[in-house]
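This is what each chain is made of:
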Amino acid sequence: MATLKLKRLLGKDRAVNAALGDLLAVLGTPVFVQDVDGTLLLGEALDPGGTRVAVEAEGDIVGWVGGGQPQAGIVAGMLTDMVVREAEKRALGRDLLDRYRELNLLYNLSEHLISSPEPQAIAEMALQEAGRLIQAGAAWLLLVDEGGEEAQVLGHSGAPLAFREGGARLDIVDDVLASREGQIRNDVLAHRYFDNSPQSSCALLCAPLKTEQRVLGVILLAAPAPAAYTARDLKLLNTVALQAGPALEMARLYQIAVVQGRMERELQMAYQVQSSLIPRRSPQMEGWDFAGRWTPARELSGDYYDFIPEPDGRLGLVIGDVADKGIPSALFMVFTRSAVRAAVEVRPGPARAIAQANRLVAQESTNGLFVTLIYARLEQKSGLVTFINAGHNPALHFCAATGELLELGLGGLPLGIMRETPYAERDLQMKPGDLLVFYTDGVTEAMDDAQEEFGLGRLRQTILRHVHLPAEVLASTIEEAVREFTGPGPLFDDFTLMIARRLPA
Amino acid sequence: MNRKILIVDDEAHIRLLLEQTLEDLEDEGVTLLTAADGEEGLEAIRAERPSLVFLDVMMPRLNGFDVCQMVKREMKLDEVTVVLLTAKGQEYDKQRGDEVGADLYLTKPFDPDAILELAQRILDL
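If you read the protein sequences in the order shown, they are chains R and P.
Counting along the first sequence from 1, when you hit position 40 you're at 40 in the working numbering, and nothing is skipped either side.
Counting along the second sequence from 1, when you hit position 80 you're at 80 in the working numbering, and nothing is skipped either side.
In short, the hints are calculated from the structure, not lab data.
Any given hint could be a false lead.
Claimed, not checked - Listed next, the in silico SDA-like pairs over lysine to any residue satisfying Cα-Cα at most 20 Å (straight line):
1) R/Lys7 - R/Ala19
2) P/Lys108 - R/Leu41
3) P/Lys108 - R/Leu106
4) R/Lys7 - R/Ala45
5) R/Lys89 - P/Glu48
6) R/Lys5 - P/Asp24
7) R/Lys7 - P/Asp113
8) R/Lys5 - R/Thr29
9) R/Lys235 - R/Arg99
10) P/Lys108 - R/Leu133
11) R/Lys325 - R/Lys235
12) P/Lys4 - R/Arg90
13) R/Lys7 - P/Asp10
14) R/Lys381 - P/Arg3
15) P/Lys4 - R/Gly38
16) R/Lys325 - P/His13
17) R/Lys325 - R/Ser275
18) R/Lys325 - P/Asp93
19) R/Lys7 - P/Glu48
20) P/Lys108 - R/Leu96
21) R/Lys325 - R/Ala270
22) R/Lys5 - R/Gly38
23) R/Lys89 - P/Ala36
Source: prediction; values computed, not measured.
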C-alpha cells in the first residue's frame, strides 16, 4: 500500500493545483505548502523556521502549511479535508480491488475447472488460485472416502512444513468434515500439526469440499505465523472450495464412467470370446435332429452346451452349469469345456471321461466353484445313449411309444467337488420319434413378477404339447413360453437348452 | 522516460480499480492520471505525454479507437503505449485496433496482477 503524499495529491489533479495556486496569491499574506519532508510544493517559503500547521490524514502528518495566520490554518484545514477524502477514496478503492480479485478468482476457477476432467489438475488449480489471494506457507487438498475416513493428499503446494500424514488426524480437518463449515485456527501449536516445524505456532484455514450429497474433503492452508487469517480469507477459501468440490465430484464420476466404459467394452469382447465356444450350428447327423439355445443373464455365462464328435459315428452331448454367475463362473465354464473335451479325447467312455474331467476341474477349483453337467454319448445307428448326470437337473426323455416324459436322474457329484469321484453310466435306448431335452436351472427357475418359478411342470407341459415339432422350432417354442412367463425384464439366470430328437423312421 | 500512466475510462469504478491496482508504483515515482471520457483523455495525453495509457474502447464522445487513432496516427506519438480495454463478451475488433495503432488489448474483468506486471514492464521498473 503506497503512502499518501501531499505532493502526489497536488500533482494528480492539475485543476486543483492551479486553483490552490490562485488562492494562495489572493490571500494577501504569504502562505506556502510543504511536503512532509519539507519540500516546497506551493508558494514561497519566506520564513521556513516560522510556525507551520500540519496537514494530517489517518493520524499521519502528510504535509505542512506555513506563513501568516490565520490564512495558513485555513489552507491547512482545506488540504486536510482533501487528504481525508483521498484516503477514503483509496480505502474504497482497496475494498473494490479486493472484491474485484474475488470476482476474478471466480472467473478463473469456473473457466478452468469446467474444462478439466483430471482431479489432480483441479486440485492444483484450486490451490494455486487460493494461494494468489490468501497468504499461506503451505496448502493441501485432502480427499476422504465416503465414510469420511482414509484421507488422501490430492495436491499440495509450497510446503515448508511437513504435514503430519498418516499420524493422528488433524482436529481442524475432522471438525470441518463433521460440520461442513470452514474454520479458522489462529495461534495453534505448530508441532501438533506438522513434523519438524521450525515455528512454535502457526495459523490454519480450512474449508470443506462438498457437494449436496456429501463432503469430499477439505482445502487446508497454513501460515507460519499466529493470528494470520481473517474472515475474508475464510470467505475466499470457501469460494474456491465451493467451486472445486463439485468439479472434483464431476471428475470422479467422469473417471468412473471411463472405467465403466472400458469394462463394458472388455466384457463385450469376453462375451464374444465365450459365445464363440458355443456351437454355432447344430451337427448334421442322419436320422437325428439337434438344437441348442444359450442366453447369458449378464454379459457372461456360467452355462454351456457342447457337441463333441467321437469315433465310430458317436456324438457326445454336454450341458453344464457352473455354480454362481458372472466373470468367475464364466472363466470356470471355459475351463470345464476344455477339460471335458480333453478328457473325452484321452479316456473314451462317458464314465471314465467325466471322472478324468472331474480330476482336472477339482484340481483347479479354488473358490468353491463347481459345475453340474450331463454327458450323453449317442450312437447314430442304434440309438443307444450312454449318459452320466453329474448333479445336473434331470434331462427329460420323451418316449414316443408310450407318450411318457421320463426324468433321467443323478449319477454322481458335480465336477469340482471331490477329486476322486466315481460316476455311474446309464444306458437308454432312443427309438425313432423319441426326444431328449437337456436344460439348466435358468429354464425351470425363471421367475415371473410374483417370484413364481416357471418350474419343471410348465416345461414338461410345453414339451408334451409341442413334442412333434422339429428340434429348432421346439427350442424356440420353449424359449418363448419362458419369456412369456417371466415378462420382458432381464433374465435372472443363464438360460441354456439342448434338444436331441431321433427322427421317426 | 517519463513515469506517467493515464487511465481513461468513463466508468468511475474501473478508474478507481486501475488506480488502486497501480498504486504501489507511486512509491517508485510513477504519477497516475485519470480521465473520464475520450476528449478528456486526449487532452491529458497532449498535455502530459504519459508513457502508458489504459484506454477503454466503449466511451461517450470520443471512443477508444478514435482517441488511439488521433494519438498514434495523427499526433504520431509512438512513444505512448496504448492498451485498449474491452468488456468481456463484447467482441474486440482486432483489425480496427491494428488500424488505429493500438499496442495491446485487454479484456475486462482484467487480472490486477497481470496489469501491474504489464505496467512495470512497459515503464521498465
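A quick look at each hint next to the structure:
no.: 1; hint: R/Lys7 - R/Ala19; verdict: holds, 15 Å
no.: 2; hint: P/Lys108 - R/Leu41; verdict: violated, 37 Å
no.: 3; hint: P/Lys108 - R/Leu106; verdict: holds, 14 Å
no.: 4; hint: R/Lys7 - R/Ala45; verdict: holds, 16 Å
no.: 5; hint: R/Lys89 - P/Glu48; verdict: violated, 24 Å
no.: 6; hint: R/Lys5 - P/Asp24; verdict: holds, 13 Å
no.: 7; hint: R/Lys7 - P/Asp113; verdict: violated, 26 Å
no.: 8; hint: R/Lys5 - R/Thr29; verdict: violated, 25 Å
no.: 9; hint: R/Lys235 - R/Arg99; verdict: holds, 11 Å
no.: 10; hint: P/Lys108 - R/Leu133; verdict: holds, 19 Å
no.: 11; hint: R/Lys325 - R/Lys235; verdict: violated, 52 Å
no.: 12; hint: P/Lys4 - R/Arg90; verdict: holds, 19 Å
no.: 13; hint: R/Lys7 - P/Asp10; verdict: violated, 26 Å
no.: 14; hint: R/Lys381 - P/Arg3; verdict: violated, 111 Å
no.: 15; hint: P/Lys4 - R/Gly38; verdict: violated, 24 Å
no.: 16; hint: R/Lys325 - P/His13; verdict: violated, 69 Å
no.: 17; hint: R/Lys325 - R/Ser275; verdict: holds, 15 Å
no.: 18; hint: R/Lys325 - P/Asp93; verdict: violated, 65 Å
no.: 19; hint: R/Lys7 - P/Glu48; verdict: holds, 17 Å
no.: 20; hint: P/Lys108 - R/Leu96; verdict: holds, 15 Å
no.: 21; hint: R/Lys325 - R/Ala270; verdict: holds, 14 Å
no.: 22; hint: R/Lys5 - R/Gly38; verdict: holds, 12 Å
no.: 23; hint: R/Lys89 - P/Ala36; verdict: holds, 16 Å
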